[in-house]
Structures are given as structure tokens and as C-alpha cells.
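Undergrad: Each chain is listed here by its residues.
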Amino acid sequence: MKNILDIQSLSKSYDGKKFALSDVNFSMKTGRICAIVGESGSGKSTLIRLIAGLERPNSGKISINGKTVSDDTKICSPDKREVGLVFQDFALFPHLTVVENLSFGLKKKDESIVKSLLALIKMQEYANVYPATLSGGQEQRVAIARTLALKPELLLLDEPFSNLDSNLKTALRQEIRLLIKKVGTSMVFITHDLIDAIDIADEIILLKGGKIIQHSTMTDFVAHIQDEDVKKILSDLTTNAERVLQMMKNL
Amino acid sequence: MEIKTKVTFKLKHLKRDSNQWSFYVLAIGLFISIPALSILFYLFNGVGEMWQHITTYFLFDYIKNSVILILGTSLLSFSIGTSAAWIVCKYDFRFRSLIESLLFLPLAIPSYIMAYTYVGLLGYQGLLIGWLQAIGLPLQKIEMMNIQGLIWVLSFSLFPYVYVGAKTMFISFPKVIQETATLLGASSKRYFFRIALPLASPAIIGGLFLVIMEVLNDYGAAKYFGINTFTTGIFRTWTALEDIQSAIYLSAILVALVFLLNILVKWYRRKKSYALRITTLEPEQRKRVLLSGKKKYVYYSILLIPVLFGFLLPVIQLLYWGYLTFHTMFNTALLTIALQSLFVGGVAAFFIVTMSIMLVYFSRWNNLKYLNFFKRIATIGYVIPGAIIGIGIIRSSQSIINFFSDYIGLNIGFLFYGSSVVLIYAYIFRFLAVSYNPIEANSLKFGKYLSESSYLLASSKIKTLFKIELPLLRYTLVSSFLLVFVDILKELPLTLILKPYTLQTLATKSYEYADDERVAEAAIPALLLIAIISCVMIFVSYWNKINEKSPKEANRFE
Numbered sequence: 025m026k027n028i029l030d031i032q033s034l035s036k037s038y039d040g041k042k043f044a045l046s047d048v049n050f051s052m053k054t055g056r057i058c059a060i061v062g063e064s065g066s067g068k069s070t071l072i073r074l075i076a077g078l079e080r081p082n083s084g085k086i087s088i089n090g091k092t093v094s095d096d097t098k099i100c101s102p103d104k105r106e107v108g109l110v111f112q113d114f115a116l117f118p119h120l121t122v123v124e125n126l127s128f129g130l131k132k133k134d135e136s137i138v139k140s141l142l143a144l145i146k147m148q149e150y151a152n153v154y155p156a157t158l159s160g161g162q163e164q165r166v167a168i169a170r171t172l173a174l175k176p177e178l179l180l181l182d183e184p185f186s187n188l189d190s191n192l193k194t195a196l197r198q199e200i201r202l203l204i205k206k207v208g209t210s211m212v213f214i215t216h217d218l219i220d221a222i223d224i225a226d227e228i229i230l231l232k233g234g235k236i237i238q239h240s241t242m243t244d245f246v247a248h249i250q251d252e253d254v255k256k257i258l259s260d261l262t263t264n265a266e267r268v269l270q271m272m273k274n275l
Numbered sequence: 165m166e167i168k169t170k171v172t173f174k175l176k177h178l179k180r181d182s183n184q185w186s187f188y189v190l191a192i193g194l195f196i197s198i199p200a201l202s203i204l205f206y207l208f209n210g211v212g213e214m215w216q217h218i219t220t221y222f223l224f225d226y227i228k229n230s231v232i233l234i235l236g237t238s239l240l241s242f243s244i245g246t247s248a249a250w251i252v253c254k255y256d257f258r259f260r261s262l263i264e265s266l267l268f269l270p271l272a273i274p275s276y277i278m279a280y281t282y283v284g285l286l287g288y289q290g291l292l293i294g295w296l297q298a299i300g301l302p303l304q305k306i307e308m309m310n311i312q313g314l315i316w317v318l319s320f321s322l323f324p325y326v327y328v329g330a331k332t333m334f335i336s337f338p339k340v341i342q343e344t345a346t347l348l349g350a351s352s353k354r355y356f357f358r359i360a361l362p363l364a365s366p367a368i369i370g371g372l373f374l375v376i377m378e379v380l381n382d383y384g385a386a387k388y389f390g391i392n393t394f395t396t397g398i399f400r401t402w403t404a405l406e407d408i409q410s411a412i413y414l415s416a417i418l419v420a421l422v423f424l425l426n427i428l429v430k431w432y433r434r435k436k437s438y439a440l441r442i443t444t445l446e447p448e449q450r451k452r453v454l455l456s457g458k459k460k461y462v463y464y465s466i467l468l469i470p471v472l473f474g475f476l477l478p479v480i481q482l483l484y485w486g487y488l489t490f491h492t493m494f495n496t497a498l499l500t501i502a503l504q505s506l507f508v509g510g511v512a513a514f515f516i517v518t519m520s521i522m523l524v525y526f527s528r529w530n531n532l533k534y535l536n537f538f539k540r541i542a543t544i545g546y547v548i549p550g551a552i553i554g555i556g557i558i559r560s561s562q563s564i565i566n567f568f569s570d571y572i573g574l575n576i577g578f579l580f581y582g583s584s585v586v587l588i589y590a591y592i593f594r595f596l597a598v599s600y601n602p603i604e605a606n607s608l609k610f611g612k613y614l615s616e617s618s619y620l621l622a623s624s625k626i627k628t629l630f631k632i633e634l635p636l637l638r639y640t641l642v643s644s645f646l647l648v649f650v651d652i653l654k655e656l657p658l659t660l661i662l663k664p665y666t667l668q669t670l671a672t673k674s675y676e677y678a679d680d681e682r683v684a685e686a687a688i689p690a691l692l693l694i695a696i697i698s699c700v701m702i703f704v705s706y707w708n709k710i711n712e713k714s715p716k717e718a719n720r721f722e
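Protein chains in written order, with the working numbering: chain D, 25 to 275; chain X, 165 to 722.
Be aware that one or more of the hints could be misleading.
[To be verified] Dumping the calculated DSSO-like pairs for lysine-lysine here, alpha-carbon to alpha-carbon at most 30 Å:
#1 709(X) / 631(X)
#2 132(D) / 91(D)
#3 709(X) / 627(X)
#4 26(D) / 235(D)
#5 175(D) / 85(D)
#6 612(X) / 104(D)
#7 85(D) / 26(D)
#8 533(X) / 91(D)
#9 235(D) / 98(D)
#10 533(X) / 41(D)
#11 91(D) / 104(D)
#12 430(X) / 42(D)
#13 133(D) / 175(D)
#14 254(X) / 709(X)
#15 625(X) / 85(D)
#16 627(X) / 139(D)
#17 139(D) / 631(X)
#18 609(X) / 627(X)
#19 627(X) / 131(D)
#20 436(X) / 42(D)
#21 627(X) / 175(D)
#22 131(D) / 609(X)
#23 42(D) / 85(D)
#24 104(D) / 179(X)
#25 85(D) / 235(D)
#26 206(D) / 104(D)
#27 625(X) / 132(D)
#28 612(X) / 42(D)
#29 612(X) / 179(X)
#30 53(D) / 26(D)
#31 85(D) / 612(X)
#32 232(D) / 91(D)
#33 104(D) / 625(X)
#34 612(X) / 41(D)
#35 133(D) / 627(X)
#36 85(D) / 179(X)
#37 435(X) / 42(D)
#38 132(D) / 206(D)
#39 104(D) / 631(X)
No lab work stands behind these hints, which were simulated from the structure alone.
Please put together the full structure from these sequences, using the hints given.
TA: Structure representation (C-alpha cells):
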């Protein structure tokens with residue numbers, strides 16, 4: 025299976041002094057779901073914005089689906105990368121209804137696509153309401169469906185669960201995983217919560233201080249959870265390491 | 165070393181990171197900055213012939229009078245604006261809403277119009293003097309044409325800037341702050357001076373800065389009262405002494421002082437930013453204290469004095485004069501002037517709002533962030549007095565005309581002096597910040613994620629502008645347009661300098677009559693101007709209320 029994403033020696037500094045990302049390298053196979061986990065300031069959002077083309081790297085190379093989209097000599101604009109990005113606060117357009125939001129990116133207004141998207145997220149009865157009246161979970165589903173409407177090769181999600189309460193989070197995690205697998209796209213999402221990653225992702229990247237400290241499949245990660253070095257990484261990375269370890273044991 | 169690395173990095177990626185938007189930001193920034201850059205450029209030509217004469221006989225007077233005016237007007241505006249804001253925020257009383265609205269209205273009367281109404285009110289046989297004599301006061305007249313009189317006029321004309329800033333802060337204080345102060349034993353007076361006033365100080369200082377800018381920009385009132393200030397001095401050096409180079413030097417001194425003041429104000433506001441942080445707490449439903457007893461009459465007086473002296477008395481005087489001259493003054497010629505004012509104001513305001521949108525929009529997609537420096541230069545016009553902008557534009561226009569005539573053989577002078585093009589350009593430079601700042605602030609409030617999200621979905625920045633950004637900014641665009649429109653209608657020095665011979669506005673017509681000692685004839689154009697401005701201001705306030713209540717967008721972005 026070929027790689028959907030290849031990142032080589034990627035670095036980014038906003039002020040020319042401190043690096044938000046430093047020499048990041050990783051690849052990801054097509055059809056996989058990858059979680060990038062790290063605390064605030066670890067460089068997660070910068071990484072996802074660089075992949076989307078919303079920031080410009082200082083050095084390094086990004087390839088999407090085998091095509092180089094960013095290196096030292098050229099930068100592909102975001103609309104040429106075939107990626108979709110769902111922002112942390114969902115960025116639904118407040119003056120457009122759910123249907124208008126869903127069809128916003130479509131070149132031709134195709135009612136059948138919009139109807140099937142509404143059915144996919146089970147929100148047919150909300151077609152003509154404005155985002156202000158939706159719950160957090162509903163907003164998130166609309167935001168993901170709006171991005172999926174364009175059939176992106178790679179779907180990027182920026183902290184998709186951070187604005188949701190814990191009960192809703194648990195239900196939505198599985199719902200999103202099933203949705204993504206159903207449409208068959210690849211997905212990278214960032215989170216500061218390891219449990220989100222464990223519940224959804226096929227592979228995991230741990231990011232700290234702008235550097236990758238661990239990249240493995242979720243199966244490998246869970247299999248080596250008792251190793252001292254993984255335990256140390258976990259306790260460095262999260263304050264709820266004990267809970268995470270317990271959850272992994274249960275898995 | 166570090167700077168060198170930074171520069172090397174920026175140069176290395178210059179080609180990769182520059183895009184069409186970088187070019188547009190640079191082009192618009194440079195185009196609008198011409199007056200400021202030309203003043204800077206002509207400084208290198210050295211001082212003019214009269215410079216020695218000016219520094220010996222006038223400069224001290226200019227500095228002394230301007231400083232006294234700034235201090236006096238600031239002190240009086242601060243006292244009026246802050247006390248009025250405190251009373252309307254803390255107390256409840258009959259007609260509170262009406263008085264709150266009336267306290268804005270002095271802004272509808274340009275200070276040069278207020279200046280000559282006061283000379284009428286307090287001169288021999290003046291209306292107010294007559295009333296005072298009727299209640300037994302043995303007054304013949306009160307001399308207004310001195311620096312104290314000018315301070316009085318400017319303060320009652322400009323205090324709403326302080327009032328608005330102070331009121332916005334006082335109303336946003338969480339109730340818990342006052343409750344804590346009361347539990348700690350603070351009296352109402354102590355709470356005001358130790359807690360409320362320091363917390364509101366950044367907004368009050370911001371309001372005072374606007375007052376000072378207007379004082380420095382004032383030409384009409386100071387000239388009418390015969391007070392030598394920097395601005396009247398620049399005019400005199402230029403027109404009477406015919407020494408434009410010395411006028412440029414005077415302008416440069418004034419601009420340097422204004423920039424220094426601007427830096428100090430910004431530094432102070434940043435230092436006291438704790439006052440802004442508390443506004444992030446939700447202010448509780450404000451329960452005002454019901455005014456009663458003797459206090460009620462004292463507080464009513466404190467509120468009604470600025471309304472009376474800042475709006476009602478000048479308007480009554482104008483109505484009286486207007487009544488005397490109505491049959492000769494209200495004619496088609498005046499209506500033509502009114503239409504010209506509205507047309508020039510409307511066209512200029514449209515261009516200013518369009519330029520503001522373009523600057524906000526272009527700089528969003530420009531990847532060379534250091535080019536945004538030009539955006540800042542383009543928006544400094546509001547802190548540069550109109551007379552100086554006028555000189556910068558006349559000087560640079562002359563150079564452009566000479567260039568076309570000498571090297572291309574084209575005479576384009578008529579474009580500059582025979583039409584309103586240069587005047588409209590000058591308004592753009594002077595008032596760009598008035599519309600740019602709220603448009604940028606609201607654009608940031610909606611967040612860059614909406615624009616980025618739209619761009620990723622629609623693959624089009626133009627569609628993002630027209631389908632997402634402009635609809636979301638529609639309320640701000642309308643209110644920005646109207647605020648700029650009002651400022652242009654009132655503007656005097658710049659219009660006097662740059663208007664073509666055939667163009668008259670209500671402001672220039674009213675000023676010209678007053679300057680010719682025909683104050684009664686000045687009343688009808690002045691009243692028409694005040695009526696238009698008052699209507700627009702009332703509409704803006706109504707429009708902003710609709711915006712706050714807009715239901716379908718009332719989500720987290722609000």
C-alpha cells in the first residue's frame with residue numbers, strides 16, 4: 025500500500041528563534057487513521073497546519089499521495105493539496121444553514137450529495153437550521169460531513185473532541201471512526217488526550233517540544249505499554265498516565 | 165548575528181513566500197502613505213527662508229498655546245466625560261436613557277461652529293447674556309475669544325470621546341468587584357477613586373488621546389478666536405508667509421510630538437491591561453441605585469450641564485440666527501451645497517471602506533508578514549492633523565504634475581486642482597483608520613478559521629470574501645461607512661486646503677460666513693450639517709443595537 029503522507033526534516037519557527045517543530049520525519053499509509061498526541065505547545069497544531077498548507081515551513085519536505093506539496097523551492101496552495109481540515113471550533117459559517125454549509129464547497133449544487141451527507145450524519149431534520157442552534161456534537165458532525173463532501177484524499181482534524189463533554193466524546197469517537205472507515209479516506213487528527221487516540225487511531229505519534237518522541241502502530245504501542253521507556257514517555261506526556269495504562273490493560 | 169540569520173532566512177524564502185497579495189499590500193500601503201512619506205522626503209530640503217523669523221517670534225507661542233489647550237481641554241473633558249459616565253452607569257433616574265443618548269450629541273456639532281455660537285451667546289445682547297440679565301445678573305458680556313474660551317468650547321465639543329470610553333468600561337465591571345470593595349469597607353467615593361477609575365483608565369486615556377488629536381487638528385475654532393496654535397501656525401506659514409518648507413518643518417515637529425504621545429498612550433494602555441482582562445468575566449445584570457433626595461438634583465445638574473452647554477445652547481443660538489436669516493439663506497444654492505457635501509462624503513466613505521476591506525483581505529493572504537508595516541503607515545493618517553496632510557499632498561501632487569509635464573509633456577494639473585480627486589484621496593489617508601480598525605477587529609473576532617475553512621472548501625479566496633467575510637461583516641461595514649461619512653462632513657482644514665474652487669461643503673460654507681463676521685448667515689448651513697450628522701449618529705446607534713441582537717449569528721463567534 026502506498027503512502028498518503030510523507031514528511032521529511034520538517035521544521036517551523038514563527039519568530040526565527042524558537043522552533044515550534046524541529047526536524048520532524050514520518051510517513052503514513054493510505055486508509056489509516058493516525059493520532060498525533062502532545063500537550064499544549066508541543067507543535068501539534070503547527071504540524072497539521074503545515075500539512076494543510078496554512079503555514080509555511082522553514083525547511084523540510086511534505087508529500088501528499090506521492091506528490092511533493094512543499095519544499096524549499098515551492099509551496100502548493102492549500103486548495104491544490106486534496107486535504108480537508110476540520111478546525112477545533114468547527115468553523116461552521118454562522119450565517120448559513122446546515123444545508124448551505126454542507127454544499128458550500130461543492131462546485132455544482134447536487135441535492136443528492138447533500139441529502140446523502142445529511143443521512144450519513146443522521147441530521148436530516150436539521151437541514152435548514154443555523155449552526156447557533158446546534159449542539160457541540162451536531163456541529164462537529166456537520167463540520168466533518170462538509171469536509172467529506174469534497175472527497176479529500178486526506179482528512180485532518182484539529183482537536184476534534186476538545187470542545188465536547190466526556191459522555192458525548194465517548195459516543196462520538198466510535199461514530200467518527202466508523203464514518204471514516206466507511207468513506208475509506210485517510211485521517212490525521214491531533215489531540216492532547218491519549219484516550220482519544222487509543223479509541224480511534226491505527227497508529228500514534230507522540231510529540232513533545234516540537235519533536236517526535238514515538239511513532240508506532242497502536243497495536244505495537246499497546247503491546248509495549250509495560251516497557252519502562254514507554255511508561256516514562258507517558259508520564260512525561262500526560263498527567264493521567266495511570267488511567268491510560270489501566271485502560272490499555274483492559275484493551 | 166541573530167538579526168543576520170533572520171534576514172538571510174527571509175531573503176531565502178522571498179521568492180517562495182511572496183504572492184500576489186504581498187504585491188497588493190505593498191502597492192496599497194505605498195499609495196496611501198504618499199503624504200506621510202513626502203513630508204519625510206521634503207525635510208531633507210532644509211528649512212525655509214522664514215524659519216529663523218518663525219522660531220524667534222512664533223514657535224514658543226505655538227508650543228505654549230498648544231500645550232495649554234491640550235492640558236486644559238483634557239482636564240475639562242476628563243471631568244465632564246468621566247463623571248457623566250459614572251452617574252449613568254451607577255444610578256437609575258427618570259429620563260436616564262434619553263440623557264445617555266443626548267450626551268453623545270455634542271459630537272454632532274463641529275467645534276468651529278460651536279465657537280462662533282458661543283461668541284453670539286455671550287457677546288453684547290447675546291441670548292444667554294440676556295437671560296442672565298433677566299434673572300438679575302449685572303453682566304454686559306463674557307469674553308470668549310481667548311484661550312480659556314477655546315478650552316471651554318473644545319471641551320464641551322469633545323468630551324463625548326472620554327464619556328464613551330469610560331462608560332464602556334464602567335458598564336463592563338463585574339458586580340463582584342464592587343461587592344468585594346464594599347465588604348472590605350470601601351465607601352462609594354473610595355471605590356470610584358481607588359478601583360473604578362484606575363480600572364477604566366486605559367479606556368479613558370484612549371478617549372483623551374482622541375480629544376488631544378482633535379485639539380491639534382482644530383483650525384476653525386482657534387483661528388476664529390485668534391489663538392496661535394501649531395495648526396493655525398502651519399496655515400499662516402504656508403499661506404501668509406508663503407514658506408512651504410518652514411510649514412513642513414513645523415508639521416514635522418508636530419508629527420514627532422504626536423507620535424511620541426501615541427507611543428506613551430500605547431505603552432500605558434498595555435501596562436494597565438489588567439483592566440481589559442476583567443471584561444472577560446461576564447458582567448452581571450447591572451442593578452442601578454435609584455437616585456433620590458438632594459443628591460438627585462446635584463447629579464441631574466452634572467449630567468445636564470454638558471448637554472446644555474455642549475448641544476442645546478449652541479443649537480438654540482443657531483436656531484435663533486437661522487430664524488433671522490432663513491428667508492435669504494435657505495435656497496437652492498444651499499441645497500446644492502448640501503448635495504455636494506453628501507456626494508463627496510458618500511463617495512469618499514465608499515472608497516475608504518473599500519480600501520479598508522482590501523487591506524484587511526490582502527494582508528490576511530499575504531505571506532510576507534513584514535510587509536504589513538506598510539499597512540500600519542497607511543493607517544496613521546488619523547493621528548496626523550489635516551493641515552499637515554494637506555501640505556504633504558500639495559507638495560507631492562506638484563512633484564507628480566511637474567514630472568508629467570517635464571518628462572512626458574502632459575499637463576495633468578487639472579486632474580489635481582480642478583476636480584475632487586485629490587480631496588477624496590486626502591480623506592482616504594486621513595480617515596482610513598476610522599473604518600479599517602473596526603473592520604479588522606471584527607474580522608479577527610470571527611476568527612481566521614472561518615476564512616481558512618472556506619478557502620479549503622471552496623478553493624477560492626474571492627468566494628471566501630464575498631460569501632463568508634463580507635456577509636459576516638455587513639453590520640460593521642455599514643457603521644464604518646457612516647462613521648467615516650460623518651467625519652468627512654465635519655472635516656474643515658483639509659477640505660479648505662484641497663477642495664476645487666467650484667466645490668463647497670456645508671462645513672466650508674458655514675465656516676466662510678463666520679470667518680467673514682457673518683455669523684447669522686452661517687447658521688442655516690450649520691444647522692443643516694448638525695441635523696444630518698445627528699440623524700446619522702442616531703441611526704448608527706440603532707444599527708449597532710440590531711447587530712448585537714442578530715439572532716442567527718449569535719454563537720461563539722460573537
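Undergrad: Determine for every hint whether it applies to the structure shown.
TA: Checked hints:
For the given pair, residue 709(X) sits about 24 Å from residue 631(X) by alpha-carbon distance, which is consistent with the 30 Å threshold. A hinted pair counts as satisfied when its Cα atoms are at most 30 Å apart, and residue 132(D) with residue 91(D) qualifies at roughly 27 Å. A hinted pair counts as satisfied when its Cα atoms are at most 30 Å apart, and residue 709(X) with residue 627(X) qualifies at roughly 29 Å. Under the criterion of a C-alpha separation no larger than 30 Å, the hint pairing residue 26(D) with residue 235(D) is consistent with the structure, at around 25 Å.
For the proposed pair residue 175(D) and residue 85(D), the alpha carbon gap of about 24 Å is at most 30 Å, so the pair holds. As the CA atoms of residue 612(X) and residue 104(D) are separated by approximately 20 Å, the hinted pair is consistent with the 30 Å bound. Between residue 85(D) and residue 26(D) the CA atoms are separated by roughly 17 Å; this keeps the pair inside 30 Å, and the hint holds. A C-alpha spacing of about 28 Å is found between residue 533(X) and residue 91(D), which places the hinted pair at or below 30 Å, so the restraint holds.
For the hint pairing residue 235(D) with residue 98(D), the CA-to-CA distance comes to about 24 Å; that is within 30 Å, so the pair holds. Note on residue 533(X) and residue 41(D): the hinted pairing holds, with a Cα-Cα distance of about 16 Å set against a maximum of 30 Å. Annotation: proposed proximity of residue 91(D) to residue 104(D) holds, straight-line Cα distance about 11 Å (limit 30 Å). Between residue 430(X) and residue 42(D) the CA atoms are separated by roughly 27 Å; this keeps the pair inside 30 Å, and the hint holds.
For the suggested pair residue 133(D) and residue 175(D), the alpha carbons sit about 15 Å apart, so the restraint of at most 30 Å is met. For the hint pairing residue 254(X) with residue 709(X), the CA-to-CA distance comes to about 21 Å; that is within 30 Å, so the pair holds. Restraint check for residue 625(X) and residue 85(D): the C-alpha separation of about 25 Å stays at or below 30 Å, so the hint holds. Taking the CA atoms of residue 627(X) and residue 139(D), the gap is near 23 Å; set against the 30 Å cutoff, the hint holds.
Among the hinted pairs, residue 139(D) with residue 631(X) is consistent with the structure: their alpha-carbon atoms are about 22 Å apart, no more than 30 Å. A hinted pair counts as satisfied when its Cα atoms are at most 30 Å apart, and residue 609(X) with residue 627(X) qualifies at roughly 20 Å. Between residue 627(X) and residue 131(D) the CA atoms are separated by roughly 12 Å; this keeps the pair inside 30 Å, and the hint holds. Between the alpha carbons of residue 436(X) and residue 42(D) the distance comes to roughly 28 Å, so the proposed pair stays at or under 30 Å and holds.
Taken as a hint, the residue 627(X) and residue 175(D) pair is honoured in the structure, with Cα atoms around 20 Å apart against an allowance of 30 Å. Of the pairs offered as hints, the one joining residue 131(D) and residue 609(X) holds, with about 29 Å between alpha carbons and a cut-off of 30 Å not exceeded. Only pairs whose Cα atoms come within 30 Å are accepted, and residue 42(D) paired with residue 85(D) is accepted, the gap being roughly 20 Å. The hinted pair formed by residue 104(D) and residue 179(X) meets the criterion: a straight-line CA distance of about 19 Å does not exceed 30 Å.
Using a Cα cut-off of 30 Å, the hinted pair residue 85(D) and residue 235(D) holds, with the two alpha carbons roughly 16 Å apart. With a C-alpha separation of about 25 Å, the suggested pairing of residue 206(D) with residue 104(D) holds against the 30 Å cut-off. For a cut-off of 30 Å, the pair hint linking residue 625(X) to residue 132(D) stands: about 18 Å separates their Cα positions. At most 30 Å may separate the alpha-carbon atoms for a hinted pair to count; residue 612(X) and residue 42(D) meet this at roughly 23 Å.
For the given pair, residue 612(X) sits about 25 Å from residue 179(X) by alpha-carbon distance, which is consistent with the 30 Å threshold. Taken as a hint, the residue 53(D) and residue 26(D) pair is honoured in the structure, with Cα atoms around 6 Å apart against an allowance of 30 Å. With a C-alpha separation of about 25 Å, the suggested pairing of residue 85(D) with residue 612(X) holds against the 30 Å cut-off. With a CA separation close to 28 Å, the supplied pair residue 232(D) and residue 91(D) stays within the 30 Å bound.
Proximity of residue 104(D) to residue 625(X) is assessed by CA-CA distance (about 13 Å); at most 30 Å being required, the pair is judged to hold. Proximity of residue 612(X) to residue 41(D) is assessed by CA-CA distance (about 25 Å); at most 30 Å being required, the pair is judged to hold. The straight-line distance between the Cα atoms of residue 133(D) and residue 627(X) is roughly 15 Å, inside the 30 Å bound, and the hint therefore holds. Taking the CA atoms of residue 85(D) and residue 179(X), the gap is near 17 Å; set against the 30 Å cutoff, the hint holds.
Distance restraint check for residue 435(X) and residue 42(D): the Cα-Cα separation of roughly 25 Å lies within the 30 Å cut-off, and the hinted pair is therefore satisfied. Taken as a hint, the residue 132(D) and residue 206(D) pair is honoured in the structure, with Cα atoms around 24 Å apart against an allowance of 30 Å. With a CA separation close to 21 Å, the supplied pair residue 104(D) and residue 631(X) stays within the 30 Å bound.
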